[in-house]
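Number of protein chains: 2
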Amino acid sequence: MEKQGKIFILSGPSGCGKGTVLKSAMREHPDMFLSVSATTRGPRQGEIDGVHYHFIDDDAFLKMIDRDQLLEHAGYAGNFYGTPRIPVDEALDQGRDVMLEIDVQGAQQVYAKRPDAVRIFLAPPSWSELERRLVNRGTDSADKIRQRLTRARDEMALAVDYDYFIINDDVERAAAELNDIFRVEHFKPAERMHLVKD
Amino acid sequence: MEKQGKIFILSGPSGCGKGTVLKSAMREHPDMFLSVSATTRGPRQGEIDGVHYHFIDDDAFLKMIDRDQLLEHAGYAGNFYGTPRIPVDEALDQGRDVMLEIDVQGAQQVYAKRPDAVRIFLAPPSWSELERRLVNRGTDSADKIRQRLTRARDEMALAVDYDYFIINDDVERAAAELNDIFRVEHFKPAERMHLVKD
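As they're listed, the protein sequences go chains A and B. Numbered by our numbering, the letters in the first sequence go through residues 2 to 199 in order. Numbered by our numbering, the letters in the second sequence go through residues 2 to 199 in order.
Any given hint might turn out to be false.
Same chains, same label: a pair holds when it works inside one copy or across any pair of copies.
Below, a list of computed lysine-lysine pairs in the DSS-like style, where the Cα atoms sit at most 25 Å apart [as the list claims (entries may be wrong)]:
hint: 1; residue 1: K198; residue 2: K19
hint: 2; residue 1: K198; residue 2: K114
hint: 3; residue 1: K145; residue 2: K4
hint: 4; residue 1: K4; residue 2: K64
hint: 5; residue 1: K145; residue 2: K198
hint: 6; residue 1: K145; residue 2: K114
hint: 7; residue 1: K114; residue 2: K4
hint: 8; residue 1: K114; residue 2: K189
hint: 9; residue 1: K189; residue 2: K145
hint: 10; residue 1: K114; residue 2: K19
hint: 11; residue 1: K64; residue 2: K189
hint: 12; residue 1: K24; residue 2: K64
hint: 13; residue 1: K145; residue 2: K19
hint: 14; residue 1: K198; residue 2: K4
hint: 15; residue 1: K24; residue 2: K4
hint: 16; residue 1: K64; residue 2: K145
hint: 17; residue 1: K64; residue 2: K198
hint: 18; residue 1: K64; residue 2: K19
Since the hints were derived computationally from the structure, they do not count as laboratory data.
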């Protein structure tokens, strides 16, 4: 048996810094496959097909659902979003770990299909800090920010079911904790017992 | 809620190097409480009461069983051995992690009472290396070594139920993996969710 790839899920409220922490952690884990979501919404300025999203039309999306080619999916503001299954399985077969950056609802769908997935919740150090970050980002209206904060509290309530909980008060420390988790999750008997020789 | 102490169990065949790896790991984790077993056998040359074992008589041992003051116990070669519960609970209450170096059967007893205990199995790199170490130790007869090797194979078969499996091919690396586990096991939502402020 070769090294087995593992699915890691990173969830956390919008504005908690998932992208930044992940980017920092990836420097020590360059082989990890970062899943790219499929969506039916159009690309925004600067978004590249296959990098930020796989931009596909409604027909293609519905076909993926029919063919069980999505590990999770949801509708949001009139568009579909989902995690393509095939690239994930290909990476796992190659022994690569896979990272899914998805929300709590998506995580529940993936976990139902793949109970060996490791779920990590990234939280802001405080609610006021989360609000500050959303305001400073300058991309959302006051109304939108209120919506995001309400949603964040709902998501956080479900974090109790996660395997790990990381507080992003310092990007480098949070990234180091992520890497600790990636490492330790490969210390499992199923993956190592056969390595004891003769 | 303050930092919660956690029970860690280290099992592994006689001769796999549990003591050495643990001693090395403890340098980074000096606060951990190392449980001292109680036994009814007499002290051997150089063994200190309260350090190597708590040496007690049969009466005292049976009283501890009656009063539910042992987390696990077993008889071996006409003597009793067990893990006193009270010092473990006191350490946990102080927020200290606790290490129990016990065999697979003891681990099963503890886990039945404390399902939040984290079980770590330490294995030798190979069976021939284990035999070599037992022979080099020079403390056991050829017969005793054969017995230990048979027992080791029985124990290893049960390692599949453990949370973690570490191969001791290099003491420092194995100790580092132990410390990774000690750290990561405190990244749990139950212990951290309340730390998100306001």
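Please sort K114 with K4 into within, between, both or neither, judging by C-alpha distance up to 25 Å. within (21 Å within a copy, 34 Å between copies)
Is the C-alpha distance from K24 to K4 at most 25 Å within one copy, between copies, in both cases, or in neither? Within one copy only: 23 Å inside, 29 Å across.
Classify it for me, K189 with K145: is the Cα-Cα distance of at most 25 Å met within a copy, between copies, both or neither? neither (43 Å within a copy, 31 Å between copies)
With identical chains treated as interchangeable, where does the CA-CA distance between K24 and K64 reach 25 Å or less: within a copy, between copies, both, or neither? neither (32 Å within a copy, 58 Å between copies)
Identical-chain pair category, K64 with K189, by Cα at 25 Å: neither (37 Å within a copy, 38 Å between copies)
Indicate which option fits the pair K64, K198 if close means a Cα-Cα distance not exceeding 25 Å: within, between, both or neither. Neither: 47 Å inside a chain and 44 Å across chains, both beyond 25 Å.
Should K145 paired with K4 be assigned to within, between, both, or neither, using CA atoms and 25 Å as the limit? Classified as neither; 44 Å inside a copy, 36 Å across copies.
Between the shortest in-copy and the shortest cross-copy C-alpha distance, which are at most 25 Å for K145 and K114: within, between, both, or neither? So K145 and K114 fail the 25 Å test inside a copy (32 Å) and across (48 Å) alike.
My question is about K4 and K64: at a cut-off of 25 Å on alpha-carbon distance, are they close within one copy, between copies, both, or neither? neither (33 Å within a copy, 49 Å between copies)
Identical-chain pair category, K64 with K145, by Cα at 25 Å: So K64 and K145 fail the 25 Å test inside a copy (32 Å) and across (65 Å) alike.
Please work out whether the CA atoms of K114 and K189 approach to 25 Å or closer within one copy, between two copies, in both situations, or in neither? both (20 Å within a copy, 23 Å between copies)
First find the shortest C-alpha distance between K198 and K4 inside one copy, then the shortest across copies, and answer within, between, both or neither for a cut-off of 25 Å. within (16 Å within a copy, 40 Å between copies)
Consistency with the previously given hints fails for numbers 2, 3, 4, 6, 9, 11, 12, 16, 17, 18, ordered from lowest to highest.
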